Amino acid sequence: MDTLTELTCFHCGDTCTDRTIILEDKHFCCGGCKSVYLLLNRNNLDHYYCLNTTPGSAMRAVQPEQFRFLEEPAIARRLITFSNKEQSQATFYLPGIHCSSCLWLLEHLGRIHEAILDSRVNFAAKELSVSFLHNSISLKEVAELLTAIGYEPYITTEEAEAKPATTYSARKAAYKLGITGFCFANIMLISFPEYLGLEAFAAPQLATFFRYVNLLLALPVVGYGAREFFTNAWYSFRQRYINIDAPIALAITVTFSRSVYEILSGTGAGYLDSMSGIVFFMLLGRTLQNRTYSTLRFNRDYQSYFPVAVTVLQGEQETVRSIKEIEADDRLLLHHQEVVPTDCILSKGQAEIDYSFITGEEAPEQVAIGGLIYAGGKVNGAGIEVIAVKAFSQNSFTRLWNNEIFSAGKSDRKSLSEHISRYFSLCVLLIATAAWCYWQYTDPAYAWNAFTAVLIVACPCALLLTTTFTYGHLIRHFSESGFFVKNARTLEQMAIADCIAFDKTGTITETRGGAAEAAYLDWTADEKNAILSLLSQSAHPLSKAICQTFPGFRKHAVKHYQELAGKGIEGIVEGRRIRAGSAQYVQAPGTATTDSNVWISVEGVIKAHFRFANNLRSGIQELLHRLRSYKMILLSGDNESSKARMQQLFPQGTALYYQCSPQQKLERIQALQNQGHKVLMVGDGLNDAGALQQSDAGIAVMQDSFTFSPACDAIIQAGQTRNLDRYLKMARQSRRLILGGFGYSLLFNLAGLFFAVSGELSPMIAAILMPASSFGIMMIAYTGVKIITRKKA
Amino acid sequence: MIVIIFLLSASLLVALFFLGAYLWSVCSGQFDDDYAPAHRIFFEDSNNNDTAHNNEK
Chain D
1 MDTLTELTCF HCGDTCTDRT IILEDKHFCC GGCKSVYLLL NRNNLDHYYC
51 LNTTPGSAMR AVQPEQFRFL EEPAIARRLI TFSNKEQSQA TFYLPGIHCS
101 SCLWLLEHLG RIHEAILDSR VNFAAKELSV SFLHNSISLK EVAELLTAIG
151 YEPYITTEEA EAKPATTYSA RKAAYKLGIT GFCFANIMLI SFPEYLGLEA
201 FAAPQLATFF RYVNLLLALP VVGYGAREFF TNAWYSFRQR YINIDAPIAL
251 AITVTFSRSV YEILSGTGAG YLDSMSGIVF FMLLGRTLQN RTYSTLRFNR
301 DYQSYFPVAV TVLQGEQETV RSIKEIEADD RLLLHHQEVV PTDCILSKGQ
351 AEIDYSFITG EEAPEQVAIG GLIYAGGKVN GAGIEVIAVK AFSQNSFTRL
401 WNNEIFSAGK SDRKSLSEHI SRYFSLCVLL IATAAWCYWQ YTDPAYAWNA
451 FTAVLIVACP CALLLTTTFT YGHLIRHFSE SGFFVKNART LEQMAIADCI
501 AFDKTGTITE TRGGAAEAAY LDWTADEKNA ILSLLSQSAH PLSKAICQTF
551 PGFRKHAVKH YQELAGKGIE GIVEGRRIRA GSAQYVQAPG TATTDSNVWI
601 SVEGVIKAHF RFANNLRSGI QELLHRLRSY KMILLSGDNE SSKARMQQLF
651 PQGTALYYQC SPQQKLERIQ ALQNQGHKVL MVGDGLNDAG ALQQSDAGIA
701 VMQDSFTFSP ACDAIIQAGQ TRNLDRYLKM ARQSRRLILG GFGYSLLFNL
751 AGLFFAVSGE LSPMIAAILM PASSFGIMMI AYTGVKIITR KKA
Chain X
1 MIVIIFLLSA SLLVALFFLG AYLWSVCSGQ FDDDYAPAHR IFFEDSNNND
51 TAHNNEK
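In order, the protein sequence lines correspond to chains D and X. Sequential numbering of the first sequence, starting at 1, is according to the UniProt record's numbering. Sequential numbering of the second sequence, starting at 1, is according to the UniProt record's numbering.
Treat the hints loosely; a few may be bogus.
[To be verified] Non-contacting residues of chain D with respect to chain X, defined by C-beta distances greater than 10 Å in every case (computed): (1) 125; (2) 205; (3) 266; (4) 313; (5) 389; (6) 525; (7) 717.
[What the hints assert, rightly or not] Looking from chain X toward chain D, a few residues come up when the C-beta cut is under 8 Å (computed): (8) 1; (9) 3; (10) 6; (11) 22; (12) 23; (13) 34.
Worth flagging that the hints you see were computed from the coordinates, not collected in a lab. If you're wondering where the values come from, they're calculated on a predicted model, not measured in any experiment. For glycine and all other residues, C-beta sits at the position ideal for the given N, C-alpha and C.
Could you put the whole structure together from the sequences, leaning on the hints where they help?
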């Protein structure tokens, strides 16, 4: 870029291009942003811009018929939470909510339209509930108003069902934590006299009273707080493998039974304090780690990619029908940018279908009347009329999702802590039995004492604490910087991955093409018209970009037009043979650069040379360089036109696969896994969905919060893709941190074991060892992650 | 001696009261959104100023 000072849009903060709109002293990147500003300005809502700089989201073109489906009562009912004669209340999910300005604006909607009585934002869920007079403003108009100010509601068919579960589980975790914390703190307090050894001699009744109160307080800890450990352990037991929860459940059971026995028989105070402490800390760690992003959905299925409803023509009448009710032979009306719901035949209009999300192919496909259009394509240009060939449920698109990989899930893959816990549990059992045998011969009175003490002390809760706290902190840090990881397992897979598979379109390159820049231009007005006539025939993004640079030319008829994929186009205009394409094709003195180049010749003489600012994502080149220690492959659904460029981009010897179907992508990943590689997949389109699911960790690149992302393990904001190597490095370092923390806690375990085996584990020693190790681990995790993430900056 | 038992019970009751308050607050959804209420506080003032300002006009 030559510009020294970059102008940014007053509304959304995007860099202003040459088409900047200037109003008063403010710059806007597009008409959309300006119109939002004017709307807010008119309604005295400028305060929006005072709270934060550039609070708006980049505007997207609003389609006039976009929310027509909200007129359909069945669909509207899903959004409306309350309704009486005059007013209704509806809840919208607005992914665009991101700052206090959003909050302020959305809660002052009443100033824009007086029929809106009240609006309330739930920031965490990115939800807005609006009360409005439905006689003055319809639900559809509310949705359009929201879209007009830059907050487009996201409405899908699956919306209604998914919601309540997440808030419910978050609250449940809060209940558990509160009750367990309460019991733990009180048990600790009541046990205190016991540690000092005062009670048993001075006041035996008081000591007994204290112990029984403790027992009472421990009941909710075991029965309610620790229930998930028991259920998980039982589940793993039935699946015939040992997960981390199994030995923990065992330790809790043993500790609790021995404590109950000691208290009831009056022989001791038990270890209820240590036990409830452990349960509390483990729950704390789990809550921290499992803090879900209620606004992000990792497991969307293909249905959410499709629109909620489409316009169906019956005779001359247009009706809106839910997408699931589309039958074969229905006549559908599709507008610009709408997704084709099912396989259809074009019956009216000229269609240009963009399959880039489905296949990765960059150039849109031209379809003539009678041609087949596949489900999932996006309509470009004017509206078209089509006849459905298949019902929605049977379209070609669903085939990919019938692959078993989608139902299998990944939960069966072992995590690090589970690997360790297996050996750990075995060791502990061996030591416990050995201690038992030893005491059986020397002093049988101590045998059970020592056996249970070993199990109590050697509870692998430290291991669980280390992983949950470390990963919990890391996940939170990542999400702050725009990288959303689904769970800790994904981080573990990222740490051990040795192979990265990239998708091309949308991942390495940006979907929108760069602007054309004329490097050499020597054409007469006549030639210009002829050349542009030829280029306007092609749907290739580069041809289009050139045509857009020169608006307004006289169009001539093109004869003998032909297009050679990956090379160029050729045709005869006004008796002159014109070629446009790569240097090789046009026979130009080619210079190898990473940019895309288009040469144009008239009758064999070079007349023009256009260079395109390459549409690589910024920072990708450097990223690939930094990632060269990994084995990399490229899986593209596009044709081979960009092969030369990609070869320069990737390290030598990188396998580049083109024209992969979604199934082939999946199989390539599978093949690598069979060779023993741990594969990380980075992709964005639906054609990567299978590969993302098959890979050990699938990362979806998300352009903005609106874009549909396929099911994956992590979502990365497009702008953060360049930092992928840093994220991987941090994941690796945190794995080392966990091993370190585990080693630290092992010291305490060994010290405890020494007491346990010798049969002298007093409640006080346990009560000192337990918090010391837990707090130590939390500190290691916290400071460790702080250090790891600070290195980045 | 009895007084310690009494005191302990009293302290537990007080603690239970706070636990109840906490559970109620979770139940009523006060922890569902930790961003909006905190920021909403700041708006009310500026909102009033705005309207006052507008009324003057």
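Going down the list of hints, with the structure as the test:
Not every Cβ of chain X is farther than 10 Å from the Cβ of residue 125 of chain D; the closest lies at roughly 7 Å, contradicting the non-interface assignment. A beta-carbon of chain X comes within 10 Å of the beta-carbon of residue 205 of chain D; the shortest separation is about 7 Å. Here residue 266 of chain D stays apart from chain X, with its beta-carbon at least about 18 Å from theirs, past the 10 Å limit. The Cβ of residue 313 of chain D lies farther than 10 Å from every Cβ of chain X, with a closest approach of about 44 Å, so its non-interface assignment holds.
With a closest Cβ-Cβ approach of about 46 Å to chain X, residue 389 of chain D is found to remain outside the 10 Å limit, as its non-interface label requires. Consistency note on residue 525 of chain D: stated as away from chain X, and its beta-carbon is indeed over 10 Å from all of that chain's, at 57 Å minimum. At the 10 Å boundary, the C-beta of residue 717 of chain D stays outside the reach of chain X, the nearest C-beta of that chain being 19 Å off. Here the hint on residue 1 of chain X is kept, as its CB sits about 6 Å from the closest CB of chain D, short of 8 Å.
Given hint, residue 3 of chain X at the interface with chain D, is violated; its Cβ is 11 Å from that chain's nearest Cβ, farther than 8 Å. For residue 6 of chain X, the suggested interface contact is broken, since its CB lies about 11 Å from the closest CB of chain D, more than 8 Å. A distance limit of 8 Å between C-beta atoms decides the matter here; for residue 22 of chain X the minimum to chain D is near 5 Å, and the interface restraint holds. Here the hint on residue 23 of chain X is kept, as its CB sits about 6 Å from the closest CB of chain D, short of 8 Å.
Because the closest C-beta pair between residue 34 of chain X and chain D is about 7 Å apart, less than 8 Å, the hint holds.
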